[in-house]
Every structure is written in C-alpha cells, then in structure tokens.
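Engineer: In case you want the letters, here they are:
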Amino acid sequence: MVTHGNGLIECHGVTKTFGGVVANNDITLNVPQGRITGLIGPNGSGKTTLFNSIVGYHPIDAGSIKFKGEEISRLLVPQIARLGLMRTFQQTRIYSKMNCVDNMLISLPHREEGYRSLLTKYPPEAVERAEELLEFVGLYQKRYLISGELSFGQQKLLEFAMALISEPEVLLLDEPTAGINPTLING
Amino acid sequence: MSVTPKVLAGYGAILLLGLLAPVLFPNFLFQLAVLWMMILFALTWDIMGGQMGYNSLGNIFFFGAGMYISAIVQVGLYYNVGEYTSVYGGVQVDFTPHQYFTGLTLGIIAAALGCTVFSVIFGRIVFGLRGPYFAIGTLGVALAAGELMGTWEWVGGGGGIALPVYPYGPDQRARLFYYMCFVLAVVTFVFLKWLYSKRFGHAINAIRDDEEKAEAMGIHTLRYKTIAFAVAAFFLGMSGAIFGNMIGFIEPLEVAFPTITFGIFMVVMTLLGGKGTLWGPVLGAVVFHVVKEATWTYMLGWQWVALGALIIVNIVFFQQGILGWAAEKWPERFGIVVDKSRTAGGR
Ligand SMILES: Nc1ncnc2c1ncn2[C@@H]1O[C@H](COP(=O)(O)OP(=O)(O)OP(=O)(O)O)[C@@H](O)[C@H]1O
Ligand SMILES: [Mg+2]
Numbered sequence: 016m017v018t019h020g021n022g023l024i025e026c027h028g029v030t031k032t033f034g035g036v037v038a039n040n041d042i043t044l045n046v047p048q049g050r051i052t053g054l055i056g057p058n059g060s061g062k063t064t065l066f067n068s069i070v071g072y073h074p075i076d077a078g079s080i081k082f083k084g085e086e087i088s089r090l091l092v093p094q095i096a097r098l099g100l101m102r103t104f105q106q107t108r109i110y111s112k113m114n115c116v117d118n119m120l121i122s123l124p125h126r127e128e129g130y131r132s133l134l135t136k137y138p139p140e141a142v143e144r145a146e147e148l149l150e151f152v153g154l155y156q157k158r159y160l161i162s163g164e165l166s167f168g169q170q171k172l173l174e175f176a177m178a179l180i181s182e183p184e185v186l187l188l189d190e191p192t193a194g195i196n197p198t199l200i201n202g
Numbered sequence: 051m052s053v054t055p056k057v058l059a060g061y062g063a064i065l066l067l068g069l070l071a072p073v074l075f076p077n078f079l080f081q082l083a084v085l086w087m088m089i090l091f092a093l094t095w096d097i098m099g100g101q102m103g104y105n106s107l108g109n110i111f112f113f114g115a116g117m118y119i120s121a122i123v124q125v126g127l128y129y130n131v132g133e134y135t136s137v138y139g140g141v142q143v144d145f146t147p148h149q150y151f152t153g154l155t156l157g158i159i160a161a162a163l164g165c166t167v168f169s170v171i172f173g174r175i176v177f178g179l180r181g182p183y184f185a186i187g188t189l190g191v192a193l194a195a196g197e198l199m200g201t202w203e204w205v206g207g208g209g210g211i212a213l214p215v216y217p218y219g220p221d222q223r224a225r226l227f228y229y230m231c232f233v234l235a236v237v238t239f240v241f242l243k244w245l246y247s248k249r250f251g252h253a254i255n256a257i258r259d260d261e262e263k264a265e266a267m268g269i270h271t272l273r274y275k276t277i278a279f280a281v282a283a284f285f286l287g288m289s290g291a292i293f294g295n296m297i298g299f300i301e302p303l304e305v306a307f308p309t310i311t312f313g314i315f316m317v318v319m320t321l322l323g324g325k326g327t328l329w330g331p332v333l334g335a336v337v338f339h340v341v342k343e344a345t346w347t348y349m350l351g352w353q354w355v356a357l358g359a360l361i362i363v364n365i366v367f368f369q370q371g372i373l374g375w376a377a378e379k380w381p382e383r384f385g386i387v388v389d390k391s392r393t394a395g396g397r
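Residue numbers (our numbering), protein chains in the order written: chain U, 16 to 202; chain E, 51 to 397.
Honestly, the hints are just simulated from the structure, not real lab data.
Distance condition first, Cα-Cα at most 16 Å in a straight line; then the derived EDC-like pairs of lysine to aspartate or glutamate: (1) Lys62/U <-> Asp189/U; (2) Lys248/E <-> Glu128/U; (3) Lys275/E <-> Glu262/E; (4) Lys112/U <-> Glu378/E; (5) Lys275/E <-> Glu261/E; (6) Lys112/U <-> Glu261/E; (7) Lys83/U <-> Glu25/U; (8) Lys112/U <-> Glu164/U; (9) Lys112/U <-> Asp260/E; (10) Lys157/U <-> Glu146/U; (11) Lys81/U <-> Glu25/U; (12) Lys157/U <-> Glu147/U.
Turn these sequences into a full structure, and let the hints steer you where they fit.
Structural biologist: Here is the structure:
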C-alpha cells in the first residue's frame, strides 16, 4: 500500500492566471478516496480552470498537484489520463462522426496498451461491455447511429458512458447534470 | 461491406483488368502506370487527411525523397555519386543487368525505410501545428526540399541526376514498371484495408473527430500520428523510387517534388472521391486521372483554371465527394444506420 497525504488528489497552493485574470488563486484541497466530492461556485469562479490544471491541460503558475502521492503537475494530458485520472468536458465532447458503439470502444482503457494492440480488433467482450453501458444510459437503440446526430442530452449521456468504460480511478465531471432529464439525474 | 460473391467478383475483375492491361492497352501502359500511382497517392494522402483529419500539403516530400534515396543507392553501389553526376553525358556509364536489378531492388527498399525515418523527424516538427497551420507547415517543407535539392551539386543540383539505364528492350521496360506500380498500389490498398479494420483505424478516426478529447481519454495520440505519417511515407517513398526509374531522369522541381501538380492532385483526388473512406480515394483518382488525361492538353492553358474551379465546386458544394454523395443517396447500399461491420472502424 502506498502511503501518502490524506487524499487521492491533493492540490497545494494552485494558482493559475490568464493575462491579468487570476482564475485560481492559491487553491488547496484534498479529494479523499472512495467518496463523491463536489466543487461548487458561481459562474466564472474558476471550477473548469481547476479541472484543466489538474488534468494537465495547461501548466499552472504555482503550487503542486498530486495524484496518489505522485506529482502530476508537469505531465501531459494523455499521461495523466492513463494514470486513471479523467475528466469530462463542460461542453460535451464526443467523436461526432463515429457511431455510439465506436465511441465506446475507443474509450476502453489505454493504460497498458502496447504497439501490438494497435493491430488487434476489439474482442466480442468489449463490444458486449460497450452495449451494456449504452443500455445503462438508455442509448442501446441508438447504438449504431452516428453520435453527432444524437440530441444534446443524449450526447452528454454517451460521454458519461464513455467515461465509465474507460475505468478511471477518479472521474472529474464538469457540470455533469446540465441539460439532463431530472429523473435520470436522480435515478 | 461484407465479403459477398458480388464483392469478390468486383475485386477479381479489377485485379484481372490490372493484370491484363499490358495486353489490352499496350499503347497506354505509361498512363496506366501513372494511374496506379495516382491511386496510391490518394490512398496514402487519405490516411492523414481523411482518416485522421490532418490535411497535409507536403506528402509529396516523401515521393521526392524516395526518388533521390533510390537514385543515390542505385548509383552509389557502383560509382562515386559526385563523379557520376559531374561526368554523366560526357562519359559512358554502364550498369550490367545484375547491377541494375540489384540496385533497383535495394534502392526501393532504402527509399521505403529512409522515408519512414524522415517521416518521424518531419512529424516531430509539424505535429505541433493544427488545422491550416499544419497544411502550410507541411507545404513549406515540401517546397523547401525541392529548392534545397536543386542546390545540392553532389546529386546533380538543379540539373538533376540520370538513373541507370534499363538493360533490356523498351517494351519489357514499360511492362516491368507498369507491374511495379500496379502491385504497389494493390498492396497499399490491401494493407490500408487491413489496418483500418484494427484498433488503429478507430484511434485515428477519434483523433480526426476530436483530438483534445482523445488526449483526455488517454489515447497515445502522438504515437498514432507518427505511425499514420510513417505508413504514408513508406509507400510514397517506394512509389517515388519506382517513378524516378520509370522516368529515367530526376530533376528536383518538376519530377521529384512536383508540389503544385502531384502534390495538389493527391488532395483533389481524395476530396473528389470522398475522404475518410477506402474506395473514395481510388474512385477519385480514376475519375480525376482519366478526365485530366483526356482534356488537359486540349485546354490550352486553361487547365489550371479548370482545376481551380473543380476544387472550389468540390469544397463548396460537394464536400463529401462522390462516395459520400452516393452513400447519402442510397444509404442502405452502404449499410448505414444498422450495420455491424461499421463498428470495426472499417468504412
Ligand atoms: N483560456 C482562458 N483564457 C483566458 N481566460 C480564461 C481562460 N479560461 C478561463 N478564463 C477565465 O477564468 C475565469 C474562470 O473561468 P472558469 O471557466 O474556470 O469558470 P467556471 O467556474 O468553470 O465557470 P462556469 O460555472 O460558468 O462554468 C473566468 O473569468 C474566465 O474568463
Ligand atoms: Mg465551468
């Protein structure tokens, strides 16, 4: 067992500015393991910016960010994602010219992917798993539809299913419920 | 598309036509060889441009680089290249049949490998660029390469370099190069069909649709981009080596790095046929080449205007190309909506 501070994600004094705008000012927070943690704040308060800093989308100006005790503030986005720290986007992002099943398959974990796996096909279990999760978010009927043709809410659900199939250890959801049917949110 | 007897018959007919062409159309062998090369151009351009969404205007670089690498190997195996280029024309330079074929074989292999290495270096430089910047960056590399080769006296500079002369008769020579072009194009097609059906095909499509998303999901984007570029370079390098020998003489701007002709044609053909598909580039190349050969010389200087008009019409009104248009018109024929084969990334 690795021993480290008291959180899975530990931000220490994280500061990020854009020109004159200080979007994040000296943020310190811990996200403990095994819990759902919420980050709230008014529009423009810097929630998305903090997400971007954590996943390596842009370099931070000061501070440190640790994931499972390891400093990640200098790693690149895909490297951090492969450590198991993933995010969804506030502005939904899916692969819009691919169908839903393909969107799911390409989202399978890339952690232990070597060069040779590039030349393999997805095993039937993977396709089954993809369909299962699509069923879970209510998109099974639409699974072979080009995902760009889904409604906004359906795209958001697809993005969520993609996040699930990628088996993250931590999933940062940016405004996950905006535009989603309330019964689905609560269910 | 699944493998039905109809599909098999289609493939068989194309192969048979390709094989019998020297008997059926002996007077057009050179043009047909160029047609196969055009198909290869469009197919390899589409790897990056269509399947991965990176519009390169500099792929012709690998064609020219392959041509020069092959020439240097073919000559350098038996002569000092610098002396060869400076005395050629003044002194009789001979290659025995054995020397010729050994050189040609090794030259083509070296072109393929050399261009693959170049693509990795080239990629490191241009992969930081996106969208139009990538297009212009790659164009710059291709244009610069042509100019640079023109100043490199060791390989003949602007005057160019002659390739070893084919040791047997002209008919046999024409047939040999025709078949080399034919086989290379077919191999490229089959290889890409196979490659696109694997995870690789999915990954480059994901990069095309949203590279930032792909990165956020942990996809090795740089790795895939490097490989996609390398595959294009590998086949283009070989095609350059073969084309240089087919022409017999390499000149840097018109033959090796013809950026505004072949370099642009490969883009136009792919867009015309339908980018991001396997058959689109093939179809586009055939239509473009046939129409071009039939009309080009009769246009008396207007051919560039016609080409420009074609590009504009294509991009403004007809972006999906012939195949995309057909797929919209007859969706059930292309297995759209409910067709499992599409999940294999093969389209
Ligand atoms: N790339 C950027 N360049 C310049 N300024 C930026 C950039 N990204 C964010 N900002 C600024 O940083 C501040 C915080 O923005 P951020 O998007 O993080 O807020 P948020 O809390 O996610 O808001 P919302 O609830 O509306 O999503 C804003 O003032 C915004 O204009
Ligand atoms: Mg936000």
